[in-house]
Structures are given as C-alpha cells and as structure tokens.
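Here the protein sequences line up with chains S and W, keeping their order. Using numbering that gives the first Met the number 0, read the first sequence as starting at 0 and increasing by one per residue. Using numbering that gives the first Met the number 0, read the second sequence as starting at 0 and increasing by one per residue.
Think of the hints as simulated: they come from the structure by calculation, not from any bench. Since the model is a prediction, treat every value here as computed from it, not as a measurement. For each residue, glycine too, the CB sits at the ideal point set by N, CA and C. Hints are supplied without guarantee of correctness; some may be wrong.
To be clear about the criterion: a stretch of chain S counts as covered by chain W if any three or more of its residues have a C-beta under 8 Å from a C-beta of chain W, and this derived list gives those stretches [stated by the list, open to error]:
#1 323 to 332
#2 335 to 344
#3 348 to 357
#4 403 to 416
2 protein chains.
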Amino acid sequence: MPQPIFSLGLDFGTGSARALVVDTRDGTEVATAVFDYPTGEAGVVTESRDPNFARQNPADYVAALDAIIQQAVAEASSYPGFSPAGIVGIGVDTTGSTPIPVDHTSTPLALHPGFAKDPGAYAWLWKDHTAHAEAAEITAKATAGGYPYLGKCGGTYSSEWYWSKMLHSERSNPAVTRAAASWVELCDYIPAYLTGVTDIAHVKRGICAAGHKAMYSATWGGLPRAEFLEALEPGFSRFREGYLTPALPSDRVAGTLTPSLAARWGLPAGIAVAVGAFDAHVGAVGAGAGAGTLVKIMGTSTCDCIVAPLTEHVADIPGVCGIVPESILPGMYGIEAGQSAVGDIFDWFVRRISPAAYGTGSEAHARLTDAAAKLRPGESGLVALDWHNGNRTVLVDPLLTGMIVGEHLQTTPADIYRALIEATAYGALTIIDRLEEYGVRVERIINCGGIAEKNSLVMQVYADVTGRPMQVSRSGQTCALGAAICGAVAGRAHPSVADAQRAMTGVKATVYAPIPAHREIYRRLYRIYSQLHDAFGTKEGAASLYGVMKELITIRQSVRQRP
Amino acid sequence: MPQPIFSLGLDFGTGSARALVVDTRDGTEVATAVFDYPTGEAGVVTESRDPNFARQNPADYVAALDAIIQQAVAEASSYPGFSPAGIVGIGVDTTGSTPIPVDHTSTPLALHPGFAKDPGAYAWLWKDHTAHAEAAEITAKATAGGYPYLGKCGGTYSSEWYWSKMLHSERSNPAVTRAAASWVELCDYIPAYLTGVTDIAHVKRGICAAGHKAMYSATWGGLPRAEFLEALEPGFSRFREGYLTPALPSDRVAGTLTPSLAARWGLPAGIAVAVGAFDAHVGAVGAGAGAGTLVKIMGTSTCDCIVAPLTEHVADIPGVCGIVPESILPGMYGIEAGQSAVGDIFDWFVRRISPAAYGTGSEAHARLTDAAAKLRPGESGLVALDWHNGNRTVLVDPLLTGMIVGEHLQTTPADIYRALIEATAYGALTIIDRLEEYGVRVERIINCGGIAEKNSLVMQVYADVTGRPMQVSRSGQTCALGAAICGAVAGRAHPSVADAQRAMTGVKATVYAPIPAHREIYRRLYRIYSQLHDAFGTKEGAASLYGVMKELITIRQSVRQRP
Numbered sequence: 000m001p002q003p004i005f006s007l008g009l010d011f012g013t014g015s016a017r018a019l020v021v022d023t024r025d026g027t028e029v030a031t032a033v034f035d036y037p038t039g040e041a042g043v044v045t046e047s048r049d050p051n052f053a054r055q056n057p058a059d060y061v062a063a064l065d066a067i068i069q070q071a072v073a074e075a076s077s078y079p080g081f082s083p084a085g086i087v088g089i090g091v092d093t094t095g096s097t098p099i100p101v102d103h104t105s106t107p108l109a110l111h112p113g114f115a116k117d118p119g120a121y122a123w124l125w126k127d128h129t130a131h132a133e134a135a136e137i138t139a140k141a142t143a144g145g146y147p148y149l150g151k152c153g154g155t156y157s158s159e160w161y162w163s164k165m166l167h168s169e170r171s172n173p174a175v176t177r178a179a180a181s182w183v184e185l186c187d188y189i190p191a192y193l194t195g196v197t198d199i200a201h202v203k204r205g206i207c208a209a210g211h212k213a214m215y216s217a218t219w220g221g222l223p224r225a226e227f228l229e230a231l232e233p234g235f236s237r238f239r240e241g242y243l244t245p246a247l248p249s250d251r252v253a254g255t256l257t258p259s260l261a262a263r264w265g266l267p268a269g270i271a272v273a274v275g276a277f278d279a280h281v282g283a284v285g286a287g288a289g290a291g292t293l294v295k296i297m298g299t300s301t302c303d304c305i306v307a308p309l310t311e312h313v314a315d316i317p318g319v320c321g322i323v324p325e326s327i328l329p330g331m332y333g334i335e336a337g338q339s340a341v342g343d344i345f346d347w348f349v350r351r352i353s354p355a356a357y358g359t360g361s362e363a364h365a366r367l368t369d370a371a372a373k374l375r376p377g378e379s380g381l382v383a384l385d386w387h388n389g390n391r392t393v394l395v396d397p398l399l400t401g402m403i404v405g406e407h408l409q410t411t412p413a414d415i416y417r418a419l420i421e422a423t424a425y426g427a428l429t430i431i432d433r434l435e436e437y438g439v440r441v442e443r444i445i446n447c448g449g450i451a452e453k454n455s456l457v458m459q460v461y462a463d464v465t466g467r468p469m470q471v472s473r474s475g476q477t478c479a480l481g482a483a484i485c486g487a488v489a490g491r492a493h494p495s496v497a498d499a500q501r502a503m504t505g506v507k508a509t510v511y512a513p514i515p516a517h518r519e520i521y522r523r524l525y526r527i528y529s530q531l532h533d534a535f536g537t538k539e540g541a542a543s544l545y546g547v548m549k550e551l552i553t554i555r556q557s558v559r560q561r562p
Numbered sequence: 000m001p002q003p004i005f006s007l008g009l010d011f012g013t014g015s016a017r018a019l020v021v022d023t024r025d026g027t028e029v030a031t032a033v034f035d036y037p038t039g040e041a042g043v044v045t046e047s048r049d050p051n052f053a054r055q056n057p058a059d060y061v062a063a064l065d066a067i068i069q070q071a072v073a074e075a076s077s078y079p080g081f082s083p084a085g086i087v088g089i090g091v092d093t094t095g096s097t098p099i100p101v102d103h104t105s106t107p108l109a110l111h112p113g114f115a116k117d118p119g120a121y122a123w124l125w126k127d128h129t130a131h132a133e134a135a136e137i138t139a140k141a142t143a144g145g146y147p148y149l150g151k152c153g154g155t156y157s158s159e160w161y162w163s164k165m166l167h168s169e170r171s172n173p174a175v176t177r178a179a180a181s182w183v184e185l186c187d188y189i190p191a192y193l194t195g196v197t198d199i200a201h202v203k204r205g206i207c208a209a210g211h212k213a214m215y216s217a218t219w220g221g222l223p224r225a226e227f228l229e230a231l232e233p234g235f236s237r238f239r240e241g242y243l244t245p246a247l248p249s250d251r252v253a254g255t256l257t258p259s260l261a262a263r264w265g266l267p268a269g270i271a272v273a274v275g276a277f278d279a280h281v282g283a284v285g286a287g288a289g290a291g292t293l294v295k296i297m298g299t300s301t302c303d304c305i306v307a308p309l310t311e312h313v314a315d316i317p318g319v320c321g322i323v324p325e326s327i328l329p330g331m332y333g334i335e336a337g338q339s340a341v342g343d344i345f346d347w348f349v350r351r352i353s354p355a356a357y358g359t360g361s362e363a364h365a366r367l368t369d370a371a372a373k374l375r376p377g378e379s380g381l382v383a384l385d386w387h388n389g390n391r392t393v394l395v396d397p398l399l400t401g402m403i404v405g406e407h408l409q410t411t412p413a414d415i416y417r418a419l420i421e422a423t424a425y426g427a428l429t430i431i432d433r434l435e436e437y438g439v440r441v442e443r444i445i446n447c448g449g450i451a452e453k454n455s456l457v458m459q460v461y462a463d464v465t466g467r468p469m470q471v472s473r474s475g476q477t478c479a480l481g482a483a484i485c486g487a488v489a490g491r492a493h494p495s496v497a498d499a500q501r502a503m504t505g506v507k508a509t510v511y512a513p514i515p516a517h518r519e520i521y522r523r524l525y526r527i528y529s530q531l532h533d534a535f536g537t538k539e540g541a542a543s544l545y546g547v548m549k550e551l552i553t554i555r556q557s558v559r560q561r562p
C-alpha cells in the first residue's frame, strides 16, 4: 500500500491554472504543472471599446484540468514514495467573484455550441467592471430599504461581485437570461465538475464565495430575500432556487472524484474533493494565516486577508470586501480587503508606456526596479494614486482612475516606476489603518505571490511606508499550497487546517525591516497621498475633487459610444 | 552703389543663435545661418542636483556672432542684387530675462579667465529658477511696502527675472558680487558688443527688458528706488548706477557697427544697430502683431504677446508678465504673458519617458502626433496640468509641477501625448480668458515657432479648445524676421515698424477652424482643468490642494541636500 500522504492543490488564476502535488507531512512541493488559458489576451477576453470588460472561456478550465493534473502527477513520479494512489485529497481555489451562467445540469452555457462564441455566456472574471451601474443600484436599494446585506461587505456592493454581474446580464443578454438555470462561482464549479454533479441543486456552494460576494449570511438566513431580488428585477429571485445551502467552509468534503475522471487521469477513484474557495483566502491559509496575521497576496491585484476568532466581536468595517465566518479558517471570521491593481499597474507602465531605455517584459521590470532602488524616498517629487483599476478597499469604487502629480522636465521612468510602487504601498497602509481603526489588530504581515518573492524593492518600500516588518511566505505558490492543505484535511491526512498549516507552511528567513529615515519621509508623503485620496475619492470634505474622475469617465464613455 | 535694401536680424535662442538676411522690400528671407551653443547640454549648463539651474556661457554668444554673420552673408551672395554693402541695419533679439554679470567695460565676467569656469558668472538663462526665494521676497517687500513696482508685471515678481537673479547671486557668490559692476540683459549686451561700448554707463537699455523684467517704468521715474533695493540687501542699490536711462524701444538706434567687427565680417562700417529686445516681443513684430492680435510664439515655452494703444486705459492684469509702453510696437502698450513650458513638455515625454514603440527624437514626435490625432477629444479620460516647468501666467509660480489624472490599465503613450498637448491648450485659453476679463480683446490669434508650423494637431487642438481660428505666421523664423524689421527701421529702409510689417510680414493660407463637436467636449474638459488649476495652483477656495506640490518639492529638496 502506498503511503496516503499526498495532496493535490488546484489553483485557477487570472491567466493560467496550476496543479501542485504536496507532501502533507512537511509541505514539500513535489511537482507542479501550469496551463495557460488559450482564449483571449493572456486568457482574458477583452473588448477594446470598454476597458471594464473581462471574460473567460469556461472551456479553458476544462482543458486546464486535463492538462495540469496529468502533468503534475507524471512529474511527481520521481519523488521518493510517490504514487498516484497516495493522493488522499484534492483542494480547489480560483479567482472570484467569477460567476458562470450554467444550465440545470450545472454545465456552463458556454460549453453548448450555441453559446460558445458569446462572451456574455462566459465566466465573468473578477476584474470585469461592466456591472458598475448595477452595483450602485444594489447598494442604493439595500441601503434605502434598510436591508442588512451590506453590513458584512463594507457597506458597498461591488461591480466585481456575483449579483451585480447577474443583474447586468439579466438586462443585457436575453439569450443567457432564458438559458441560465443558475450562476455558479468558478470555485464551486470546479469541485462540482470533479465530483460529477449533474443537478444544479446539488452544487456545493462555498461559504467563501457565498459570504463575501453573494450577500449570503446565516444572520439573515442565507441569501437575500426574494422581495429584495424581485425589486431589483422581476424574476430575479428565481436564482435563489438551485442555490444549495448552507454554504460550506473549504475544510469540508464536497464529494469524491468521479470514476471516469479518475480513470482518465490515472488516479484512484474516490479521492476526497474539498469545497472550493477563492484563491486569496486559500492562499492566506497556505501562507500561514492566523489571528493577528495579515496575509497579503500580491499579484495583478492584491488581496489582504486577516482572521479574527468567532468568539470576539468584529465590527462592520466600512470598505472591506467582506467579513465572513469561516471563509478563511474554521472558527475564525475571515476578513478580506484588497487593492484592485498592484502588479497590473507596474505591468501597465512596462507594457503600455514601455520606456525604451529599459527593454521589455521581465527585463524591463528588473531594470526599472534597479534604477528605482537607487532613488531615495521623496527624491522624485512624485506621488501617485494606485487607482488604475479603481479602488477596492476602502473606497469600493471601480470608476476611480490613476493619477500622478509632481512631474517636471527631468522626471524619469524610474521616478514614475518608484512612485507607482509607493502608491500601492500607500494603498496597503490605508487598508491596515482601516482595519486597526475598527479594532482588528495587525501584528504581523506575511506577503506572498510573485512580486513579494522577486521584488525586494517593493517589500522594502512596503516596510518603510507601513512602518512594519515584511515577511515573505516560504512557498512560491501559496494558493495552490493552501488548496492542497484543504485537500489534505478533506482527505484526513491532518485532523484540522491549523494542524496542516503547522506542518506544511512557513516564512522565508529574510525579513524586510523599516528603515527609520525612509519611514520619516514616507510619513509625510502618505499624508499627501491621503489628501489626494480623500479629495479625489470621496464626496465629503472641503478639499473634494470627487467629480473630476467621474466626469472624465462620463465624457470618455459618451465619446466611445459615438459612431 | 548697391541697393540699400537688406537688413540683418540676429536671434539668440535657448540652444542656438541665428542670423537672417532679409529683403526689406517684401520680407523675402534671403539667407540664414544657425550656430549651436557648444557649452553644456544643448547650450544650457545644468546642475543634476538642482532642476532649477540653467546657465549659459557668454563666450558662446561671441562665438555665435562670428559664425552666423559671416555664414549668412556668404550664403546671401547668390541672391539677386545682394551685396554686403546693401545691409542697412541690424536688429537683435534674445531670450530673457537672461542677465549677465559684467565688469565696468560691460565685458561679461565669464570672459575673464578667473570666471571662465564659474557658472555663477555666466548668463542666467530665462528658465533658471534658482532665485525663487528671492522672487518671493521681492514680491513680499514690494507689496508690504506699498510700492507700485509690481502693478505692471501681474502683481508677482518672478524667479526668472533680473533682480531676483542678481539678488540670489549677491548672496551666494561673493566673488561675482565683488567683481560685477552691473548686470546686462543679453538683449542689451549684443548691441553693446556690436557697437563697441566700453563703459557700462553707455550700454543702451531696451525698454522691453527694462519694463518687463527690471521693474522699470516712467510712472515711478525709472528703476525702483534705492531705499527699496537697499532693504532687499545692503549695497544692492549700487546697481542703479551704470543703468542708462531712459530705456528705449527697439525701433531706435543703439549705435553703429564698429569698424573692427565690420572689417572682420566683411561688412561696411557704420551699419545702424537697433536697440535690442526679447525674442518673443520681436517675434510678435515679425508675426504681424497689431491691436487685437494675440501672437503666440510657441517653442520650448510659449510667449503670448498682444498690444493695446497707449491712448487707451489698460488695467493692471493679475498674472501677466508685463504691461510695458512700446515694448513690442511704438505707440502701443506691449502686454506679455506666457506658459513656462510647451514644447519642453512634449520633449520631456519623448526624451525622458521615450515610449519604445515610437522611436526617438523628431520621428517619435511625428509618430506620437499621428497616433494622438486618431484619438477623439475626451476619449482617453485624461486631463493633465501643463506645469512641468512651473506656471508663468496666470499663477506666476515656478514651483508648480505637472500632473496627470485619469490613467487606467489601457492608457497608451498616445493618450498621454495628446493629454499633454491639450494641457498646453487649456493653459493658453486660461491666458486668453484672463486678458479678456481685464478688457484686452483677443480678436485674432497668430501662432509662430516650430510647433505651430510643423504640428497641425497642436494647432487644431488649440482651435478646438479656445474656440477660435488659429493662423500661422508665414515666416518660419519670426523672431529673426522681427529683428530684421527693427534693423530695417533703424537703417531707415522703412519709416516705421508698422510700414515695415505691412511690407515684410504675413500669415499662411491654412487656417485651423474650431470643430464644433470637439469644442463641446473641450468645454467640459476645460472646466476640469480649471478645477485642478485652482485646486493645485491657488490657496483660495474650498477645493484647494495647494499645499501638495509645495510639500513635495520641500521634501525633494531636503532629500537632495542630504549627503
């Protein structure tokens, strides 16, 4: 008998999917495989006339599963003691809120030939902001009606979330409206696919997606009431049907791998598949999340996760994305905040502006980082706002845009690159300040993701700006590792997530400590950032310039819609 | 006898000097020669740790005269009827305020070996802003003391101007303080050199430089009173001595070309040399300035010149650079306004940021212009402030900086390039609005300079933003042509400047008319620009963000001054 000590983590990111085989005894990452989504630009279907548009082809997910599982298992075969029969569990994490319209068998509409070319029937990727008007409408109606639904998601419903996207689709794509039996989050769809669900009413809904994005809470008995949904759009409450409750945390078993898929991939049948959750939350698990520890998952955007015991009172915190029981760890509130763009902003500068002196791609990032690292804080005279993709926390406003102030005739690309890094650090500090203001103490910060691992300048700037040491997760693939931890618990290799974390996670030896002289300058720059933040981002206050960006966007949109 | 019908215009710009031989009968440009200043970067001595620093080596001016006069005359020899003996007059224009410390013979200190390497003894180029603290001090003391001196220069004395620079030097360079008998504007130095002045007390001072930059006005008896200058710095009033008054307009004769220079350059001795003036004012003459006509000289920066009859009342206009009798045309007030950077901002983007997809240099400008021309107004969602080199009119604040707002993840270099063009157009409209608000009507706009001639997008955007047709001067070298007009009048080829203008100037056939649909969008964008302008540029108003840029600069400077 092979030792039942391996777990498989499946991580569905924005541009690719990844499988990771992990030794559950010590977290050793045995084998990994990645599949780039073939549809669209780097896996994202965009619309040149609408920067808010971002969809994904569900067929890419199915293709990805085929590719990454077989490849990871094949690569693991050289690891001592490995055999496919030693895999005890599979965990799943994905981007989100990425809802997919499905038929009554829980098959994505886009997998039917009639919808294969209709991006309206695709997965609506987390960063799709086409539903901003519907988000504002949901916020307004929930607030005006005195409903409690926004209390746990910062007081504002987002265009990135489940109901906004469904409502926008409901009104703009009658074919999808007629055909969709339900909408399933990608993180729920993958376990349903793996476990052979053929009835929408049997799809296990994860508490992570439900609680953070679908206004689901036990406090008000699950989903929003039918009358609320009907008031948004007649007939809209039908989507309460086929939404299995209660929603479940990701240490629970969703089901077992179907015999046909097991046979296809050379795995034993009956492997436990955990309930799915979002990549950031699962990544926080893989990075070592625990009470008082803020885990920052830094990628194209940033997700900030922290937990607090269910036994403590956690106030509603304006502007955080969600406060949901057990969405990250069992027994804990999961609190999620985030920045709508971080790596995406640095990539924008390299890919779109592309200063000639620095080359292209990762070489450009490296050379700009080197040049920016030679600058001293404050030297450039620049301050930027990190809102190129809107602001998630604390303003919850997808229609905010970037800005940079302080340019002069000698301003260099390195000045700007550093200012963009600093802007994201100020945005990070704004989130920390908000958490602490509402009683959630941040005692330790662990970063993970490619930027945290590769870019020591970014980590040092974050330490200097926040005045806190920055630690980096030991694993380079914390999301997939977190998924593997969920798989390990589902497959009973560990009795609890906490036990699995103790065995399987850790941080790197290098810690970035704040440099006092830098800290002093950044304190002053952060005051300016906050002034700009409030002036451009809020309606209140004497110094409000709030209408500026809105008006620019209104003008832009009206111009683009002209023939 | 050769026909006495030729005039020589000498134009000393920021990076080079130019000589133009003109047929005074019809303005035909017979021959031209250009000399690039060899010292520094494109003729400007800079200081990497201080972006405010911009000096020029006076030896370059003397070398330039040798080169351009001989070359222009040689090239003119193929023109029918030309002979050096047919040159009746020489006119001179230069950048300014560009004061040069000189000894008692009016020789620049920098031409003495002991000062040849001391940039403190060089010409302080117009765009040198090192004296910003002294400018603020002069403004404060003139205002507090109830002196009238700022009434004709917009109420604020500039760091770019004569006394600010002298005061900064007085306090920072004891060697220059001891050696300088006076400071002479470059536009006064060149005629003094050509006419063999050997005593500082005999240098003819032009009313253009005196009135616009040196607080000279017949209203208060010439220069500021000694008590005012002494209050700025003990001993500072000594510079009133050796400053020949009255200051003179540029249709007057400063003297005649010295026999030795005439012999050296193969010219007849005794050629009339006109009193010098600033390039922009003389350029306005060459472009066809007259009552109601705004002449915009568009180069690295922009100078906006308009005239109004001396017989009319012209109110003091806050923020304009100067209102000086006969500084542009005889019998007219010369009113000067301007933008501290226009072409410099476009060049900054091409040279410093240098987006890889567009090549370099003039090719990059052409390709970015082509791409920007394909965008529709408002489409980019961007608005910028044109303050990369501070703001001259109407804010008179060299410490303002650029900004751009509205960036998102698809923002392109062409978006930004167009936004920078638009920003300069909004700045231009701000000046027009200010003039008209104070009763100076702008009935016609003539543009000149390389950008006006070469870049039809810029002209169209200016028409669309201002809602006024844009005309372009026929001559491609209006400053040198204007200088030649002054030379023609000094040499009596025409009885007056107006007569000379009628014969020698004109506009191109192409007129850029405002496009109504663009105008509508730009009206909305201009409101945003004005909001940002007031928020970032003024202390008043509920929406003031005035402290932001100042604080950034304070931080930048304090960081740079650290070891």
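(request) Hints the structure violates: just list their numbers, smallest first. (result) 1
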